[in-house]
Amino acid sequence: MNPAAHDWFDWSPIGARASGAWPGGARLAVAFVVAVEYYEMQPPAQAAWPASLPGGFGRGPYPDFRTWSHREYGNRIGVFRVMDALDRHGMRATAAVDAYCARERSVVVDECRRRNWEIAAHGEAVTRLLSSRLGEEDERSQIRAALQAVREAAGGDVAGWLGPEQGESARTPALLAEAGIRYVLDWPNDELPYPMRTPGGPLVSLPMAIDLDDVFAHWHRKLSMARWRQSIADAAERLLADGESRPRALVLCLHPWLVGQPWRISYLEEVLADLRRREGVWFATAGEIAARCGAGDQRSAG
Amino acid sequence: MLQYRYRAGGPPTRQTRRHGDADQAWTDYVPAIDRPVLRWPDNARVALWICPNILSYEYMAPADPWLDMWTRMPQPDVLAYGRQDYGNRVGFWRMLEVLDAHNVRCTACVNVEALERHPEICKAAVARDWRYLGHGISNSRFIYGLSEAEERAYYEDMRRRLHALTGVTLQGMGGPGPQSATESTPDVLAALGFRYHADWFHDDQPFPLRVREGRLISLPYALEINDAPFLGAAFDADEFAEAARRQFDRLWVEGADSARVMCLSLHPALIGQPQRVRYLDEMLAYMLSRPGVWQATGDEIADHYYASHFEAVQRWLDARRATT
Chain H
1 MNPAAHDWFD
11 WSPIGARASG
21 AWPGGARLAV
31 AFVVAVEYYE
41 MQPPAQAAWP
51 ASLPGGFGRG
61 PYPDFRTWSH
71 REYGNRIGVF
81 RVMDALDRHG
91 MRATAAVDAY
101 CARERSVVVD
111 ECRRRNWEIA
121 AHGEAVTRLL
131 SSRLGEEDER
141 SQIRAALQAV
151 REAAGGDVAG
161 WLGPEQGESA
171 RTPALLAEAG
181 IRYVLDWPND
191 ELPYPMRTPG
201 GPLVSLPMAI
211 DLDDVFAHWH
221 RKLSMARWRQ
231 SIADAAERLL
241 ADGESRPRAL
251 VLCLHPWLVG
261 QPWRISYLEE
271 VLADLRRREG
281 VWFATAGEIA
291 ARCGAGDQRS
301 AG
Chain R
1 MLQYRYRAGG
11 PPTRQTRRHG
21 DADQAWTDYV
31 PAIDRPVLRW
41 PDNARVALWI
51 CPNILSYEYM
61 APADPWLDMW
71 TRMPQPDVLA
81 YGRQDYGNRV
91 GFWRMLEVLD
101 AHNVRCTACV
111 NVEALERHPE
121 ICKAAVARDW
131 RYLGHGISNS
141 RFIYGLSEAE
151 ERAYYEDMRR
161 RLHALTGVTL
171 QGMGGPGPQS
181 ATESTPDVLA
191 ALGFRYHADW
201 FHDDQPFPLR
211 VREGRLISLP
221 YALEINDAPF
231 LGAAFDADEF
241 AEAARRQFDR
251 LWVEGADSAR
261 VMCLSLHPAL
271 IGQPQRVRYL
281 DEMLAYMLSR
291 PGVWQATGDE
301 IADHYYASHF
311 EAVQRWLDAR
321 RATT
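For the record, the sequence lines run as chains H and R. Position one of the first sequence corresponds to residue 1 (the working numbering), numbered consecutively onward. Position one of the second sequence corresponds to residue 1 (the working numbering), numbered consecutively onward.
Everything labelled a hint here was simulated from the structure, so no lab data went into it. We put the beta carbon where it would ideally sit given N, CA and C, even for glycine. There may be inaccurate statements among the hints.
Chain H regions said to be covered by chain R (calculated; three or more residues, Cβ under 8 Å) [what the hints assert, rightly or not]: (1) 35-49; (2) 66-76.
Partial selection, computed: residues in chain R whose CB lies under 8 Å from chain H [what the hints assert, rightly or not]: (3) 13; (4) 15; (5) 32; (6) 41; (7) 59; (8) 204; (9) 235; (10) 246.
Incomplete in silico selection of chain H near chain R, CB under 7 Å [claimed, not checked]: (11) 61; (12) 63; (13) 167; (14) 170; (15) 261; (16) 282.
My request is simple: use the sequences and hints to build the entire structure.
Structure (structure tokens):
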């Protein structure tokens with residue numbers, strides 16, 4: 001028995017990896033994943049979410065106008081501030097879009113496409129966690145329904161997947177590969193992409209830096225924005241040094257309902273300016289990084 | 001931390017609305033990049049409403065099926081209760097000195113029972129001609145699970161009692177405690193002639209809410225620029241002041257194109273503490289020194305919106321709905 005009790009990948013310490021190669025000899029690839037997600041006021045009866053699902057001060061009894069509207073702020077206002085901030089530095093992002101937003105907040109997807117952002121899939125809604133509570137057929141049909149909606153909004157291929165709240169069952173990677181997904185953002189266990197093998201075919205895992213995720217840092221840990229800004233600067237500095245011998249990747253997840261608040265956005269602007277002034281950084285989309293590590297082949301959707 | 005914890009497995013609340021893909025019935029999705037321009041009087045960029053909370057908590061709070069009032073131990077919890085009582089005994093008066101120094105006209109977020117129990121505070125508010133954002137009767141009794149008729153009676157009672165104390169007819173409402181509500185809340189408020197509902201945090205501008213009869217708008221209150229969540233976490237008032245300054249700066253810049261609302265929500269039990277109040281002074285000095293700031297009450301902001309924007313925005317929303 002594999003001591004890690006799963007067989008999705010061959011375990012290896014980062015020092016044993018082949019050296020990745022980013023364009024222009026960059027030492028660090030940086031990507032932003034912007035969560036375009038919908039928080040349901042009235043989720044279907046079978047829907048489940050973590051008790052810690054952020055927003056408001058936690059989910060209250062129906063109708064929780066407070067938490068619903070705090071989250072909706074992201075799709076109405078915050079996401080456009082995040083776009084402006086990235087535009088100012090000529091940076092693109094990967095929008096992780098859920099099926100609800102693909103259908104009902106299509107102007108957000110249109111604005112992403114107008115900027116030539118990558119569109120990744122992000123489940124049906126943030127209130128519909130994939131987990132082992134789902135049966136295999138239910139999970140398969142949720143993944144397919146989500147992908148269909150996001151592919152339609154994206155106008156074509158969707159290579160990447162971020163589970164709602166990074167939720168997976170013990171089957172998810174296989175079902176994603178089977179549905180034509182080529183990289184997954186759920187596993188925060190590395191600083192380089194690595195291959196996964198699944199009964200549904202190969203998949204690349206592209207880890208995100210969870211401790212620098214805005215929700216994880218600001219919401220769950222209640223770090224100050226100034227401390228978050230400093231943490232990202234510290235991380236970039238160390239990763240650029242580590243990248244002398246083996247280039248690294250820093251994938252940061254941003255949630256517009258939070259970081260797009262009027263007072264918080266100024267800190268994101270400072271983070272971007274700080275990253276921008278550093279030498280040796282390749283600003284890419286998540287898909288561009290994953291494609292350099294084997295997730296580049298477009299297969300037909302299963 | 002010390003109060004308000006949602007109970008796991010509370011009974012379902014009344015839920016008759018089902019909206020499928022539209023999910024909720026009260027708002028239209030209006031992205032920031034496509035909406036009518038909003039203007040305040042004298043072309044102000046930011047309408048600033050300042051909301052000190054005047055709250056009433058009970059030493060022995062009744063049990064609520066959905067929400068645990070004092071979370072630390074069996075009632076009473078004199079630590080948690082006492083911390084709130086401090087706000088009315090001490091913090092309010094220290095906060096008031098700073099508010100007076102800046103000559104601001106506040107919109108007090110009130111549990112009407114607090115004004116009844118503390119006539120000195122009521123007198124101070126009336127003397128300054130403040131206005132009020134209704135926050136129910138008590139902050140330890142909530143309205144989850146009320147029938148529509150019960151909810152209507154609750155607001156009528158609150159409004160009558162507030163009028164008797166202050167001579168002011170309540171125009172705005174936010175649910176008692178942690179924004180408790182029912183699915184009838186916007187409809188009942190509109191039917192009773194309330195002008196605005198402050199439990200919506202999805203925008204920096206007012207917008208019409210969809211109601212069964214009458215009219216109602218959402219007016220952005222503060223979920224983030226609010227000392228309670230800030231000072232309840234690992235922050236102190238210097239960081240709260242910095243957040244308020246940045247919030248103001250951003251809204252002020254954006255308000256040049258289309259006006260914005262900024263709300264500053266204050267809890268005297270927190271901001272009125274000796275180590276904190278000077279940061280309130282700094283915040284107000286900063287914001288009020290800028291041009292293009294309309295320091296207004298919630299009632300004034302709502303009045304202006306109804307007089308100058310409501311009908312045009314409603315027509316715009318109706319036309320948009322017809323094409324989608």
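Right, here's what the structure says about each hint:
With 4 residues having a beta carbon nearer than 8 Å to a beta carbon of chain R, the segment 35-49 of chain H meets the requirement of three or more and the stated coverage holds. For the segment 66-76 of chain H, the proposed coverage by chain R is satisfied: 8 residues have a C-beta within less than 8 Å of a C-beta in that chain, meeting the threshold of three. The interface hint given for residue 13(R) is met, as the beta carbon of that residue sits about 5 Å from the closest beta carbon of chain H, less than 8 Å. Interface restraint check: residue 15(R) against chain H, minimum CB-CB distance 5 Å, threshold 8 Å, status holds.
Taken as an interface hint, residue 32(R) checks out: its beta carbon lies about 5 Å from the nearest beta carbon of chain H, inside 8 Å. Interface restraint check for residue 41(R): the shortest CB-CB distance to chain H comes to about 22 Å, outside 8 Å, so the restraint is violated. Of the supplied interface hints, the one on residue 59(R) is violated, with its beta-carbon coming no nearer than about 23 Å to a beta-carbon of chain H, more than 8 Å. With a least beta-carbon distance of about 6 Å to chain H, the hint placing residue 204(R) at the interface is held under the 8 Å criterion.
Checking residue 235(R) against chain H: minimum C-beta separation of about 6 Å stays under 8 Å; hint holds. Interface restraint check: residue 246(R) against chain H, minimum CB-CB distance 4 Å, threshold 8 Å, status holds. Below 7 Å, beta-carbon pairs count as interface contacts, and residue 61(H) has one with chain R at about 5 Å; its hint therefore holds. Of the supplied interface hints, the one on residue 63(H) holds, with its beta-carbon coming within about 5 Å of a beta-carbon of chain R, less than 7 Å.
Hint status for residue 167(H): violated, given a least beta-carbon distance of 20 Å to chain R, over 7 Å. For the restraint placing residue 170(H) at the interface with chain R, the shortest Cβ-Cβ distance is roughly 26 Å, beyond the 7 Å limit, so the hint is violated. Among the interface hints, the one on residue 261(H) holds; its C-beta lies about 6 Å from the nearest C-beta in chain R, closer than the 7 Å criterion. For residue 282(H), the interface hint is violated, since its Cβ never comes within 7 Å of a Cβ in chain R; the closest pair sits about 30 Å apart.
The structure shown violates the earlier hints numbered 6, 7, 13, 14 and 16.
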